[in-house]
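Novice: First to last, the protein sequences are chains A and B.
Count the first sequence with our numbering and you get residues 210 to 374, in order.
Count the second sequence with our numbering and you get residues 246 to 425, in order.
Since the hints were derived computationally from the structure, they do not count as laboratory data.
Here the structure is a predicted model, which means the values were calculated and not measured.
Glycine included, C-beta positions come from ideal geometry on N, C-alpha and C.
Mixed in with the good hints there might be a few duds.
[As the list claims (entries may be wrong)] Derived contacts from chain B toward chain A, CB cut-off under 10 Å, selection only: (1) TRP329; (2) LEU351; (3) SER354; (4) PHE396; (5) ASP397; (6) ILE398; (7) PHE404; (8) ILE405; (9) HIS406; (10) PRO410; (11) LEU411; (12) LYS414; (13) VAL416; (14) ASP417.
[As the list claims (entries may be wrong)] The calculated EDC-like cross-link candidates involving lysine to aspartate or glutamate, where the alpha carbons are at most 20 Å apart (straight line), are: (15) LYS414/B <-> ASP254/A; (16) LYS256/A <-> ASP397/B; (17) LYS291/A <-> GLU395/B; (18) LYS256/A <-> GLU415/B; (19) LYS256/A <-> GLU409/B; (20) LYS414/B <-> GLU360/A; (21) LYS329/A <-> GLU415/B; (22) LYS365/A <-> GLU415/B; (23) LYS334/A <-> ASP417/B; (24) LYS338/A <-> ASP417/B; (25) LYS270/A <-> GLU337/A; (26) LYS270/A <-> GLU395/B; (27) LYS270/A <-> ASP397/B; (28) LYS256/A <-> GLU362/A; (29) LYS256/A <-> GLU395/B; (30) LYS329/A <-> GLU409/B; (31) LYS270/B <-> GLU251/B; (32) LYS329/A <-> ASP417/B; (33) LYS334/A <-> GLU360/A; (34) LYS414/B <-> GLU362/A; (35) LYS338/A <-> GLU362/A; (36) LYS291/A <-> ASP319/A; (37) LYS274/A <-> GLU395/B; (38) LYS291/A <-> ASP268/A; (39) LYS318/A <-> GLU409/B; (40) LYS282/B <-> GLU251/B.
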Amino acid sequence: MRKLFFIFCFFVSPILISAQDSPAPAGENINVESSDSQMFNMAIDLKIQDGTTAQVVSDHKAQHKVVSGRPVTLNINGGNFKAAVRFTLYNRNADNLLLLAQSTIAFIKDGHRQMLSTVKSIPIKAGEKVLFFPMGVLNDGEKSGYNCMLEMEVSKYQQQPVSQE
Amino acid sequence: MCPDVEILSSFYDGELEDSQREVVKTHVESCPHCQKKLAELELISNTINAEEEPDFQMAQVNTWNNLMDIIDREEHKVPKVNFWQRRFQISFPAAAALVAAFIVVLSLSVVSFYMGRHTTSSPASPELNMSDASGTLFNDDNLFDNSSIEFDIPAINTFIHAGEPLLIKEVDFRNRNGNN
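Make the full structure from the sequences, and use the hints.
Specialist: Put into structure tokens, the structure is as follows:
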């Protein structure tokens, strides 16, 4: 009887070992397509515009990949102000997105240092351009200064073809 | 006529009656052969008496101790039993629990084994090409780690705070400026 038991274990053990090495069920696989639908390309263009001549005196461009729900922080170091803007993109459904802009701006006004924190949001669609003015927009009577403008365009993430090396 | 050796031995040991002892004594005094026999008996007697008597009590104690040692060794001796004939003492509940656990593990393993084979061979669930996925998700350094972008704009000290930040669509902004 004991010998039979050991012989039985000898033949069953390969099954036990191979069962441990079996791959995970299909339900646990990562859905790459679903991940791609939550990813976007964000093109950011920071323009400094002369309020008088409407001429763009400085232009900074950046490309960033963003994931829905994960913020991207922009730090702008100006001459008399500093701004930290945190953009978070939420994918609501299909092409409907929600862009959330949380900004904290430190600036000097009338010889005093001031800070301003705001939260703005706007529903957008993929491919639409959005403008963000951290210092506000100059009125007609205040054209002597410079406008700081962030121009953003969100598009669906396109997977880059993997180069064969 | 000389007396028998046994009579001489009894004479030497003083075991004869008085009448016999006197007769034998008279004879021995005049017989050199019997005197020689008596001398031999005396020598034998002296030799026997010269040997030490064995210590029977000590021998008994030693024998007893040896016996006790043998009994003790036999009692504590582990018998060499073949593995296949060895008996394991295990209680019935423990044995039942072991058997039940073995059956459960075996069943789960067999089920998971066949489920794994089923899922891998199913065309409805193609295997994920993890190299592509990792290349998409993790090879871009700019995706998760560097989620902060730094802009250093020219040190123009004429930025004017014109109000609250404005977040607006470009189309709406152009329309608003066009209306103005």
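Novice: Each hint should be assessed against the structure and marked as holding or not.
Specialist: Structure-based check of each hint:
At its closest, the beta carbon of TRP329/B sits 6 Å from a beta carbon of chain A; the interface hint therefore holds under the 10 Å criterion. Annotation: interface hint on LEU351/B holds; nearest CB of chain A at approximately 7 Å, less than 10 Å. Restraint check, SER354/B versus chain A: the minimum CB separation of about 4 Å is within 10 Å; hint holds. Given hint, PHE396/B at the interface with chain A, holds; its Cβ is 5 Å from that chain's nearest Cβ, closer than 10 Å.
For ASP397/B, the shortest C-beta to C-beta distance to chain A is roughly 5 Å, which falls under 10 Å, so the interface hint holds. At a threshold of 10 Å, the smallest CB-CB gap from ILE398/B to chain A is about 5 Å, leaving the interface hint in force. At a threshold of 10 Å, the smallest CB-CB gap from PHE404/B to chain A is about 5 Å, leaving the interface hint in force. Checking ILE405/B against chain A by beta carbon gives a least distance of about 4 Å; that is within 10 Å, so the hint holds.
Given hint, HIS406/B at the interface with chain A, holds; its Cβ is 5 Å from that chain's nearest Cβ, closer than 10 Å. Interface hint at PRO410/B: satisfied, since its Cβ lies 5 Å from the closest Cβ of chain A, which is below the 10 Å cut-off. Annotation: interface hint on LEU411/B holds; nearest CB of chain A at approximately 4 Å, less than 10 Å. At a threshold of 10 Å, the smallest CB-CB gap from LYS414/B to chain A is about 6 Å, leaving the interface hint in force.
Interface restraint check for VAL416/B: the shortest CB-CB distance to chain A comes to about 8 Å, inside 10 Å, so the restraint holds. The closest approach between the C-beta of ASP417/B and any C-beta of chain A is roughly 9 Å, which is under the 10 Å cut-off, so the hint is satisfied. At most 20 Å may separate the alpha-carbon atoms for a hinted pair to count; LYS414/B and ASP254/A meet this at roughly 14 Å. A threshold of 20 Å between alpha carbons decides the hint, and for LYS256/A with ASP397/B the separation of about 12 Å falls inside it, so the pair holds.
Distance hint between LYS291/A and GLU395/B is fulfilled; the C-alpha atoms sit about 11 Å from each other, no more than 20 Å. Taking the CA atoms of LYS256/A and GLU415/B, the gap is near 14 Å; set against the 20 Å cutoff, the hint holds. Restraint check for LYS256/A and GLU409/B: the C-alpha separation of about 18 Å stays at or below 20 Å, so the hint holds. Restraint check for LYS414/B and GLU360/A: satisfied, since their Cα atoms lie roughly 9 Å apart, inside the 20 Å limit.
Of the pairs offered as hints, the one joining LYS329/A and GLU415/B holds, with about 15 Å between alpha carbons and a cut-off of 20 Å not exceeded. Among the hinted pairs, LYS365/A with GLU415/B is consistent with the structure: their alpha-carbon atoms are about 19 Å apart, no more than 20 Å. For a cut-off of 20 Å, the pair hint linking LYS334/A to ASP417/B stands: about 14 Å separates their Cα positions. Of the supplied pair hints, the one linking LYS338/A and ASP417/B holds, its CA atoms being roughly 10 Å apart against a limit of 20 Å.
For the hint pairing LYS270/A with GLU337/A, the CA-to-CA distance comes to about 17 Å; that is within 20 Å, so the pair holds. For the given pair, LYS270/A sits about 11 Å from GLU395/B by alpha-carbon distance, which is consistent with the 20 Å threshold. Taken as a hint, the LYS270/A and ASP397/B pair is honoured in the structure, with Cα atoms around 12 Å apart against an allowance of 20 Å. Between LYS256/A and GLU362/A, the direct Cα distance comes to roughly 14 Å. Compliance with the 20 Å bound is thereby established for this hinted pair.
Annotation: proposed proximity of LYS256/A to GLU395/B holds, straight-line Cα distance about 14 Å (limit 20 Å). Proposed proximity of LYS329/A and GLU409/B is supported: the alpha carbons are some 10 Å apart, at most 20 Å. A threshold of 20 Å between alpha carbons decides the hint, and for LYS270/B with GLU251/B the separation of about 14 Å falls inside it, so the pair holds. Annotation: proposed proximity of LYS329/A to ASP417/B holds, straight-line Cα distance about 16 Å (limit 20 Å).
This hinted pair checks out: LYS334/A and GLU360/A have alpha carbons roughly 15 Å apart, not beyond 20 Å. Distance restraint check for LYS414/B and GLU362/A: the Cα-Cα separation of roughly 10 Å lies within the 20 Å cut-off, and the hinted pair is therefore satisfied. Taken as a hint, the LYS338/A and GLU362/A pair is honoured in the structure, with Cα atoms around 5 Å apart against an allowance of 20 Å. For the hint linking LYS291/A to ASP319/A, the alpha-carbon distance of about 16 Å falls within 20 Å, and the restraint holds.
In summary, the hint linking LYS274/A to GLU395/B is supported, as the alpha carbons are separated by about 15 Å, within the 20 Å threshold. Pair hint LYS291/A plus ASP268/A holds up; C-alpha atoms about 17 Å apart against a cutoff of 20 Å. Annotation: proposed proximity of LYS318/A to GLU409/B holds, straight-line Cα distance about 14 Å (limit 20 Å). Our distance criterion of 20 Å between C-alpha atoms is met by LYS282/B and GLU251/B, whose separation comes to about 11 Å.
The structure is consistent with each of the numbered hints, conforming to all of them.
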